[in-house]
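Chemist: Put chain B on the given structure of chain A with help from the hints.
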Amino acid sequence: MKSKWLSGPYVIWMVLFTLIPLGIVFYFAFTDGAGQFTLANIQRLGAYLPILLRSAWMSIFSSILCLLIGYPVAYCMSKASPTRQKIYYMLIMLPMCLSFLLRTMAWVSLLEDTGIINNALRSLGLSPLPLIRNTGAVILGMVYNYLPFMIMPLYTVLIKIDRRLIEAAQDLGCNQVQVFTKVILPLSVPGIVSGITMVFVPAVSTFYISQKLGSPGAVLIGDVIESQFKGAYNPNLGAAMSLILMALIFLCVGLMNHFSGTDDEEGVATL
Amino acid sequence: MAKELIRLTNLTMTFEDGETILKGINLYINDHEFLTLLGPSGCGKTTTLRMIGGFLTPTSGEILFDGQRINELPPHKRKINTVFQRYALFPHLDVYDNIAFGLRLAKLSEREIDERVMEMLDIVSLKGFENRKVTSLSGGQQQRVAIARALVNRPKVLLLDEPLGALDLRLRKDMQNELKRIQQAMGITFIYVTHDQEEALTMSDTIVVMDKGHIQQIGRPEDIYNEPKNAFVADFIGESNILDGIMRQDLLVEFFGRQFPCIDKGFARDEPVDVVIRPEDIDIVPADDGHLCGTVTAITFKGVHYDIIVDFKGFKWLIQSTDYQEVGSYIGIRLNPEDIHVMKKSEYSGMFGDYSSYSAEYDEIAEGGEDEE
Numbered sequence: 000m001k002s003k004w005l006s007g008p009y010v011i012w013m014v015l016f017t018l019i020p021l022g023i024v025f026y027f028a029f030t031d032g033a034g035q036f037t038l039a040n041i042q043r044l045g046a047y048l049p050i051l052l053r054s055a056w057m058s059i060f061s062s063i064l065c066l067l068i069g070y071p072v073a074y075c076m077s078k079a080s081p082t083r084q085k086i087y088y089m090l091i092m093l094p095m096c097l098s099f100l101l102r103t104m105a106w107v108s109l110l111e112d113t114g115i116i117n118n119a120l121r122s123l124g125l126s127p128l129p130l131i132r133n134t135g136a137v138i139l140g141m142v143y144n145y146l147p148f149m150i151m152p153l154y155t156v157l158i159k160i161d162r163r164l165i166e167a168a169q170d171l172g173c174n175q176v177q178v179f180t181k182v183i184l185p186l187s188v189p190g191i192v193s194g195i196t197m198v199f200v201p202a203v204s205t206f207y208i209s210q211k212l213g214s215p216g217a218v219l220i221g222d223v224i225e226s227q228f229k230g231a232y233n234p235n236l237g238a239a240m241s242l243i244l245m246a247l248i249f250l251c252v253g254l255m256n257h258f259s260g261t262d263d264e265e266g267v268a269t270l
Numbered sequence: 000m001a002k003e004l005i006r007l008t009n010l011t012m013t014f015e016d017g018e019t020i021l022k023g024i025n026l027y028i029n030d031h032e033f034l035t036l037l038g039p040s041g042c043g044k045t046t047t048l049r050m051i052g053g054f055l056t057p058t059s060g061e062i063l064f065d066g067q068r069i070n071e072l073p074p075h076k077r078k079i080n081t082v083f084q085r086y087a088l089f090p091h092l093d094v095y096d097n098i099a100f101g102l103r104l105a106k107l108s109e110r111e112i113d114e115r116v117m118e119m120l121d122i123v124s125l126k127g128f129e130n131r132k133v134t135s136l137s138g139g140q141q142q143r144v145a146i147a148r149a150l151v152n153r154p155k156v157l158l159l160d161e162p163l164g165a166l167d168l169r170l171r172k173d174m175q176n177e178l179k180r181i182q183q184a185m186g187i188t189f190i191y192v193t194h195d196q197e198e199a200l201t202m203s204d205t206i207v208v209m210d211k212g213h214i215q216q217i218g219r220p221e222d223i224y225n226e227p228k229n230a231f232v233a234d235f236i237g238e239s240n241i242l243d244g245i246m247r248q249d250l251l252v253e254f255f256g257r258q259f260p261c262i263d264k265g266f267a268r269d270e271p272v273d274v275v276i277r278p279e280d281i282d283i284v285p286a287d288d289g290h291l292c293g294t295v296t297a298i299t300f301k302g303v304h305y306d307i308i309v310d311f312k313g314f315k316w317l318i319q320s321t322d323y324q325e326v327g328s329y330i331g332i333r334l335n336p337e338d339i340h341v342m343k344k345s346e347y348s349g350m351f352g353d354y355s356s357y358s359a360e361y362d363e364i365a366e367g368g369e370d371e372e
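In the order they appear, the protein sequences are chains A and B. Once you know that position 51 of the first sequence is 50 in numbering that gives the first Met the number 0, the rest is easy, because the numbers rise by one and skip nothing. Once you know that position 189 of the second sequence is 188 in numbering that gives the first Met the number 0, the rest is easy, because the numbers rise by one and skip nothing.
The set of hints was computed from the structure by calculation and includes no laboratory data. In this text the structure is predicted, and so the values were computed from the model without any measurement. Please note that the accuracy of each hint is not assured.
Below are the DSS-like pairs computed for lysine-lysine, each with C-alpha atoms no more than 30 Å apart in a straight line [said to hold, decoys possible]:
1. B:LYS264 <-> B:LYS155
2. B:LYS343 <-> A:LYS181
3. A:LYS211 <-> A:LYS85
4. B:LYS126 <-> B:LYS172
5. B:LYS211 <-> B:LYS264
6. A:LYS78 <-> B:LYS76
7. B:LYS132 <-> A:LYS181
8. B:LYS76 <-> A:LYS181
9. B:LYS78 <-> A:LYS181
10. A:LYS78 <-> B:LYS78
11. B:LYS228 <-> B:LYS211
12. B:LYS126 <-> A:LYS181
So that you can see chain A by itself, here it is in the shape it has in the complex (with noise of 0.2 Å):
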């Protein structure tokens, strides 16, 4: 019973750095700036529910286009030489080892009015695009930013699909594609929803690349959090939104999990 206390550390560091702080967002949301108890702040969430909207589908959009994009590029890796795989999987690591802020910046300079892109199209005696400040612009910079966390977990759940399972839906009549929607998109699902969740989360709470590349009258919601903080010093709203933000992020969550049946043994094995 010792073992427990291997824990010890984890469970102080959890208690004061995301229990205590919690109860502290709780305590915000529901005060007002003088600490009485108040439903004003939650109330007032209404009017920010087109901006929640927006970044949910957003998010949910850019989560579909990483699973598409992130699918094929993991499917192939997970059939590639050990020694490419390796590669594939440090190149697709590298742009993270760059920071965020930095990536981000690269792509308003790739894509603003007198960024690369329109300064190349100029030189060619081509119109410029109106490339940056826009949903578009947005969208690829989520995508860019979160592509790699679709691609490792699909990847590690399909390079664990046991060759034999292949062979054996061959051995029972299936050609190449009907191994592929019979057996390894099924056994995949649980890539798809954990890449699902781990692009979603943080695309829908994200303020930076919004407010670097998207147009400035289309704020996400991360970036009302951050005002209302930063700008508005009105942090009691801002309390209350982060708290339905997480609300509908676990919501969102254990839909997904509840639908992709990752609730397995039951039933013992008798005999």
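Modeler: Below, chain B without anything else, positioned relative to chain A:
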């Protein structure tokens, strides 16, 4: 006359790393036959099976199925199904859907699928398990699902790749009987791969003994056991004392400086040969009556019999007897002509059949590599 179904001609396999696993396999397999490929790890038995299944393409040679060349035919177009090592059941499907997998691909009506799956569940004694997750089944149950999943497609040939390797001894014996029963009831050709000689002897119509990419011997279990072709087969199938001898003339062999009548002939005069004497064929007699005399150096109780190690002029024999012998006692043995089996010399001569390094665990087959490719 049984009808020939599969023929392998000069089959060789060299892998990308340059290792040659098969060196010219010639074999024909009859319809309704239970044929076992038997050999140690790395002998090429699994490679042969995978070629018949379509998972490997031979480097050279031909695979004929019903007279048609099928070297390059992909697995899903062959009338052959496989029971894989460690079953390879689909973890995302329940027992019913695993068994129905092949039938659904064949686009049968749901009614017919249901009939056939239920029939199969009955045959493998898994009625009532339809909706169980395969991950919740015991090894023996998973094994039977794997067999049902393959047989439900009514293949012409069923390939079985060490299917009982992961089961405990008792279950293995039960499954051996069950497999034999299913094979006879359904009249399907079984090609069975194993390294377990007892399993091969129990179940097979024909045994193919393989080693180092070559077929060493093909024959009925009795023939393989009683008339092994070389020292490898004699040692791999059962226990054998293998001695150097000289064939003085037909029906007369000399070893340990003494001539024995035997039942073998067709050797050159004074040809050096390997002599096999099975431990259970040797009769122990008082020293005065023996053809040969030696000293008991060890005795181990094995249940049905004792394993007795006897030193004859420095060469140690294994003798199996139900009678206890004192260690250190001086005993004689008698050999009847039919107890002596004479083999031609081979590359395996001198490698097997001496019990000087006898340990009581000799029959625990020391096979680590079940993942043999």
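Chemist: None of the hints should be skipped; say for each whether it holds.
Modeler: Hints, verified against the model:
no. : hint                  : verdict
1   : B:LYS264 <-> B:LYS155 : 41 Å, violated
2   : B:LYS343 <-> A:LYS181 : 54 Å, violated
3   : A:LYS211 <-> A:LYS85  : 33 Å, violated
4   : B:LYS126 <-> B:LYS172 : 21 Å, holds
5   : B:LYS211 <-> B:LYS264 : 29 Å, holds
6   : A:LYS78 <-> B:LYS76   : 24 Å, holds
7   : B:LYS132 <-> A:LYS181 : 17 Å, holds
8   : B:LYS76 <-> A:LYS181  : 17 Å, holds
9   : B:LYS78 <-> A:LYS181  : 20 Å, holds
10  : A:LYS78 <-> B:LYS78   : 28 Å, holds
11  : B:LYS228 <-> B:LYS211 : 16 Å, holds
12  : B:LYS126 <-> A:LYS181 : 25 Å, holds
Of the numbered hints listed earlier, those contradicted by the structure are 1, 2 and 3.
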